[in-house]
Amino acid sequence: MLFNLSISALAEGIRKKDISILDLVLESFKAVEQCEHRVNALITVIDKEAALTRAKKLQQALTTAASPLYGIPFVMKDAYCTRGVQTTAASNVLAGYIPAYSATVYKRLEDAGAILIGKANMDAWGHGASTENTDFGVTKNPWDMQRSAGGSGGGPAAALACRYCAFAIGEDTGGSIRNPAAWNNVSAMKVTYGRVSRYGAIAYASSLDTVGPTAKTIEDCAFVLETIAGYDPYDATSSRKLVPSYSREIGQSIKGRKIAFPTEFYGKALDHQIRDTIIQARDVFVAQGAIVKDVSLPLLEYGVPMYYILAPSETSSNLGRYDGVRFGSGREFFTKETMRRIMTGTYALSSGYYDAYYKKAQKVRSLFIKEYQELLSQYDAILTPVTPIMPPRFGELLQDPIKNMMADLYTVIVNIVGLPSLALPCGFGSNGLPIGMQLIGPMFSESTLFSLGYAYQEATDWHTKMPNI
Amino acid sequence: MSTFEPVIGLEIHAELKTKSKMFCGCPADHFGTPPNTQTCPVCLGLPGALPVANIQAIDWTIMLGLALGSTIADISKFDRKHYFYPDLPKGYQISQYDQPLCSGGMVSTSFGDVYIRRVHLEEDTGKLQHATLDSRNVTLVDFNRSGVPLVEIVTKPDIRSAQQAKEFLKKLHQIIRNLEISDADMEKGSMRIEPNISLRPIGSKELPAYKVEVKNINSFRFAAAAIEYEIVRHKKILDEGKIPVQETRGWNEQKGITVSQRSKEEAADYRYFPEPDIPPMRFSKRYIENIRETMPELPNVRKERMMKEYELQEKQADVLISDMAKCRLFDEAVIHHSVSENKISAVEVANWIINKVPNASGIDSNTVVKQIVDDNSIVAIDEDELNCIVSEVVSKNPKAVADYKGGKEQSLMFLLGQIKRTLPKVQVSVILEALKKQL
Amino acid sequence: MTNAAALTKKDIDHIAGLANLSITDRQSEELVTQLEETVTYVSALQKISTENIPETSQVTNTENVYRKDEIDSERLLSQKDALSGKKQYKGFFVVDAVFDREK
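These protein sequences, in sequence, are chains H, P and E.
For what it's worth, this note's numbering labels the leading residue of the first sequence as 1, then goes sequentially.
For what it's worth, this note's numbering labels the leading residue of the second sequence as 1001, then goes sequentially.
For what it's worth, this note's numbering labels the leading residue of the third sequence as 2001, then goes sequentially.
Extracted from the complex, chain H is given alone in its bound form (with noise of 0.2 Å):
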């Protein structure tokens, strides 16, 4: 199975002229037509045809110099504007949007040479924690298909599991792009705020939002992530900071890196076999030389209030463009969630409420900060759970608005304070459903996240293991 392989092997391939691109993709559309009808991870599958003349032509294009990613069959979150190719954000509003433009994160990719493949299934506009809040069908988990595959970016992850790309592009506002990897046993990188342009992304928080790579490993995840990071004047809130050569920093050692194990994320809300299993990893690390110490976060209890402030405010703000006017199709065709959170985040930025929850919130949001820059003085990374609970069954987190929220536990505060974190696979629990941990950097240190994650990728496989699909 050739996407089994990591990127720098289909990438030598591919140089090498071992390996195809018309294979590639053939193999693309081959697992799209096993598994897809069973996982519904996609909302568009791109036209075969197009697809097929498309590595045809890259094919015979093919020089020494090209990307890495040439040639390469990726997928994307459906929050992304791809010109000529339909754009939905996984609601009715949008079902049958064509952009006229598309999102510079894409642009990178097509000028790389790599292959869109299909646009992937989301909580509709980012508002979920388990792709169950879409207008075009629930994602199935391909551990276990009763149960969810995460979200709001279950699409992405659940594709990559079945092996139907080498990678996809998701989108991480409050753990969308981290939940579904630790839940379908992938790797994921939520990158810092402004790492990578956000123009062209479907708007959910912005101030919140990233737009990042996932894929099986780490390593391919730094391939991905170099090619697309880095300034776009078309985006205001985009870094000028040079973009590192991910993939080859990679390997550095992590001897006397220092890890925070912070006790307040391994208290009563987490799962007993998260916690067990992160212990594990954690002692992983001690063998490869990193030095692990307990630490103190106790901000935690305030991370989900204060982003289910900021973020709902936000996404009423950015949904307001769509009125059925210009493009696509009118109000009522939100669901009941989409239309919870817009009605929390207009009452949270009303008169008379402003000062006590958005303001409020705001300022909570600077001691957070302040929280994460002491510790992050002293340490390279935090290392968390990604969720407190193991993928739900269809329904429990929708029916409970509660816990709906909670499952964000670990994973808002991260883009509420604007670093990145990397998510990748550390064991499975007792019911084979895959669990997945954190590691929380400074801002700009995906290097070292990444170098950290590759180590662990070196001395464990869990990252290796399939879903019987």
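Don't take each hint at face value.
[Stated by the list, open to error] Each computed BS3-like pair below joins lysine-lysine, with the alpha-carbon atoms no more than 27 Å apart:
#1 P:Lys1437 / P:Lys1396
#2 P:Lys1127 / E:Lys2010
#3 H:Lys370 / H:Lys359
#4 E:Lys2010 / P:Lys1081
#5 P:Lys1170 / P:Lys1156
#6 P:Lys1170 / P:Lys1255
#7 P:Lys1308 / P:Lys1326
#8 H:Lys107 / E:Lys2068
#9 P:Lys1019 / P:Lys1170
#10 E:Lys2009 / H:Lys336
#11 H:Lys363 / P:Lys1081
#12 P:Lys1081 / H:Lys359
#13 E:Lys2090 / P:Lys1188
#14 H:Lys268 / E:Lys2047
#15 E:Lys2068 / H:Lys241
#16 E:Lys2080 / E:Lys2090
#17 E:Lys2068 / P:Lys1081
#18 E:Lys2068 / P:Lys1285
#19 P:Lys1370 / P:Lys1420
#20 P:Lys1127 / E:Lys2009
#21 P:Lys1396 / P:Lys1436
#22 P:Lys1399 / P:Lys1437
#23 P:Lys1285 / H:Lys336
#24 P:Lys1236 / P:Lys1205
#25 H:Lys336 / H:Lys268
#26 E:Lys2086 / H:Lys336
#27 P:Lys1215 / P:Lys1156
#28 E:Lys2090 / H:Lys403
#29 P:Lys1019 / E:Lys2080
#30 E:Lys2068 / P:Lys1017
#31 P:Lys1156 / P:Lys1211
#32 P:Lys1242 / P:Lys1205
#33 P:Lys1081 / P:Lys1215
[Claimed, not checked] Listed next, the stretches of chain E that the computed footprint assigns to chain P, with coverage defined by at least 3 CB atoms under 8 Å from CB atoms of chain P:
#34 2030–2039
#35 2046–2060
#36 2077–2088
#37 2091–2098
Just so you know, the hints here were simulated from the structure itself, not pulled from any lab data.
For glycine and all other residues, C-beta sits at the position ideal for the given N, C-alpha and C.
Got chain H sorted already, so can you dock chains P and E onto it with the hints?
This is chains P and E only, laid out in the frame that chain H set:
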């Protein structure tokens, strides 16, 4: 006689004449363009689009603030102002709320000083038109104007009469045109005015109990008329012991009245919050000084200079400063050596430009000076040579000579004209004297 | 401090109006309890002191990001693309008549 005094404030919007729009690179000059031909994902509010601020618009807003004597913020930002209307593609307008680029300032009028509350920058909306399609009432929307930079000037309610409002507006208009940041053309809509009018008991220092906003005014004259109308209308109501409704009214040009549009019991809830897509702005003192240095001379300063330095009369100075091109032409012409060497005076230059130059942008200062010099120059001519040419013309035109002798004055002018062909620079009176001698 | 439990159907209808959402009476009633629940939950923030703490609006750590005043013809949409198959008339978008200016 009246127990009430008007309390009037003005809100003015001016479209800045930047090349591109406020947050994207679409052309900003939209007048007369076919609908929806100057849009992009940003100004059309498409999913995923992001704004990036136009530095020229910011600099010009700061410059306007400096011209008005405002304090320029050292830290400023954009905010989102939320409301739903078909001409507002994102469902919010990117504007400024609590940290505007400029605060304070003042314009003096003959009725007293009018203080400025703030000058801020925002984006314009699209344009709406009403129509009937298939016997249904519809609204047509054009987004070419959406995203054009708009500077908003808000005065304190210091204005006490329609006349003062008119004078203020004219002065403000002149300043804006002088800075060349906007055409500020009310007919074309690149300048818009909304007065806020109330009455309060004379001598009271408190804010009035209500406020009426008037829209749909497209000239200074109508602004004054609308204000006058409202003052009368409010007084009637107040005299009855009632309070005018706080609302927005529309000016009806044809009838010369205002009409109630909507009752504004409560202020709109715009749910302002800081624009997350645009980092904040910070201006050093040096940056602001640089803008001040590049600022064109203000009208009142220029007028004083012309009167003092060049001894122009006030009337002449007023005409010149009302036309940027004429001003510029004058400034260039007066440094010409012909003026400095006292061959012609600055006053003559001013008069020439005012009276004899219809299109000041179509002519250069050298040509103007030459014209004046030519017109003035008196060439001394040898008497014999003159008489010779005069006799030649007289002999060649016997009919004209006969006509003149018969009483036709025009014929003299005709003969004069013929002589001037050969002797264009000779003083007319000299020629006439010689001519008459020969007839 | 606001009393989250005090939300009424009237409040919900007001918020829905602000948010340009048409909701049925039944939805309105459901939303009262749902919003109350959420608002009560997020009101936990009131417990933590933020006296003298400034607000953070964004985490870019940058300032003064601008574009030059230049035309960008690359992004300019054709009239056809701008209208993108929506209801149109002679190049204009068409909506039901709006009579009052809401602004």
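For each hint, the structure was consulted:
1. For a cut-off of 27 Å, the pair hint linking P:Lys1437 to P:Lys1396 stands: about 17 Å separates their Cα positions.
2. Proposed proximity of P:Lys1127 and E:Lys2010 is contradicted: the alpha carbons are some 34 Å apart, above 27 Å.
3. With a CA separation close to 17 Å, the supplied pair H:Lys370 and H:Lys359 stays within the 27 Å bound.
4. For the hint linking E:Lys2010 to P:Lys1081, the alpha-carbon distance of about 24 Å falls within 27 Å, and the restraint holds.
5. A hinted pair counts as satisfied when its Cα atoms are at most 27 Å apart, and P:Lys1170 with P:Lys1156 qualifies at roughly 17 Å.
6. For a cut-off of 27 Å, the pair hint linking P:Lys1170 to P:Lys1255 stands: about 24 Å separates their Cα positions.
7. Restraint check for P:Lys1308 and P:Lys1326: satisfied, since their Cα atoms lie roughly 18 Å apart, inside the 27 Å limit.
8. A distance of roughly 23 Å separates the Cα atoms of H:Lys107 and E:Lys2068; the hinted pair therefore holds under the 27 Å criterion.
9. This hinted pair checks out: P:Lys1019 and P:Lys1170 have alpha carbons roughly 26 Å apart, not beyond 27 Å.
10. Our distance criterion of 27 Å between C-alpha atoms is met by E:Lys2009 and H:Lys336, whose separation comes to about 17 Å.
11. At roughly 21 Å between alpha-carbon atoms, H:Lys363 and P:Lys1081 fall within 27 Å of each other, so this suggested pair holds.
12. Taking the CA atoms of P:Lys1081 and H:Lys359, the gap is about 16 Å. The hint holds against a cut of 27 Å.
13. The straight-line distance between the Cα atoms of E:Lys2090 and P:Lys1188 is roughly 22 Å, inside the 27 Å bound, and the hint therefore holds.
14. Between H:Lys268 and E:Lys2047 the CA atoms are separated by roughly 21 Å; this keeps the pair inside 27 Å, and the hint holds.
15. For the suggested pair E:Lys2068 and H:Lys241, the alpha carbons sit about 21 Å apart, so the restraint of at most 27 Å is met.
16. Pair hint E:Lys2080 plus E:Lys2090 holds up; C-alpha atoms about 11 Å apart against a cutoff of 27 Å.
17. For the hint linking E:Lys2068 to P:Lys1081, the alpha-carbon distance of about 25 Å falls within 27 Å, and the restraint holds.
18. As the CA atoms of E:Lys2068 and P:Lys1285 are separated by approximately 21 Å, the hinted pair is consistent with the 27 Å bound.
19. The straight-line distance between the Cα atoms of P:Lys1370 and P:Lys1420 is roughly 19 Å, inside the 27 Å bound, and the hint therefore holds.
20. About 36 Å separates the Cα atoms of P:Lys1127 and E:Lys2009, which puts this hinted pair outside 27 Å; it is violated.
21. At most 27 Å may separate the alpha-carbon atoms for a hinted pair to count; P:Lys1396 and P:Lys1436 meet this at roughly 16 Å.
22. Taking the CA atoms of P:Lys1399 and P:Lys1437, the gap is about 18 Å. The hint holds against a cut of 27 Å.
23. For the given pair, P:Lys1285 sits about 51 Å from H:Lys336 by alpha-carbon distance, which is inconsistent with the 27 Å threshold.
24. With a C-alpha separation of about 22 Å, the suggested pair P:Lys1236 and P:Lys1205 falls inside the 27 Å cut-off, and the hint holds.
25. A distance of roughly 31 Å separates the Cα atoms of H:Lys336 and H:Lys268; the hinted pair therefore is violated under the 27 Å criterion.
26. The straight-line distance between the Cα atoms of E:Lys2086 and H:Lys336 is roughly 26 Å, inside the 27 Å bound, and the hint therefore holds.
27. Of the pairs offered as hints, the one joining P:Lys1215 and P:Lys1156 holds, with about 18 Å between alpha carbons and a cut-off of 27 Å not exceeded.
28. Our distance criterion of 27 Å between C-alpha atoms is broken by E:Lys2090 and H:Lys403, whose separation comes to about 51 Å.
29. Between the alpha carbons of P:Lys1019 and E:Lys2080 the distance comes to roughly 23 Å, so the proposed pair stays at or under 27 Å and holds.
30. Proposed proximity of E:Lys2068 and P:Lys1017 is supported: the alpha carbons are some 14 Å apart, at most 27 Å.
31. The suggested pairing of P:Lys1156 with P:Lys1211 holds, with an alpha-carbon distance near 13 Å, which does not exceed 27 Å.
32. The suggested pairing of P:Lys1242 with P:Lys1205 holds, with an alpha-carbon distance near 20 Å, which does not exceed 27 Å.
33. About 20 Å separates the Cα atoms of P:Lys1081 and P:Lys1215, which keeps this hinted pair within 27 Å; it holds.
34. Judged by the Cβ-Cβ criterion of 8 Å, the region 2030–2039 of chain E is not covered by chain P as claimed, because only 0 of its residues qualify and three are needed.
35. With 3 residues having a beta carbon nearer than 8 Å to a beta carbon of chain P, the region 2046–2060 of chain E meets the requirement of three or more and the stated coverage holds.
36. Interface restraint, the region 2077–2088 of chain E with chain P: holds (5 residues with C-beta to C-beta distance below 8 Å; minimum three).
37. Residues of the region 2091–2098 of chain E with a Cβ under 8 Å from some Cβ of chain P number 8, which satisfies the need for three, so the listed coverage holds.
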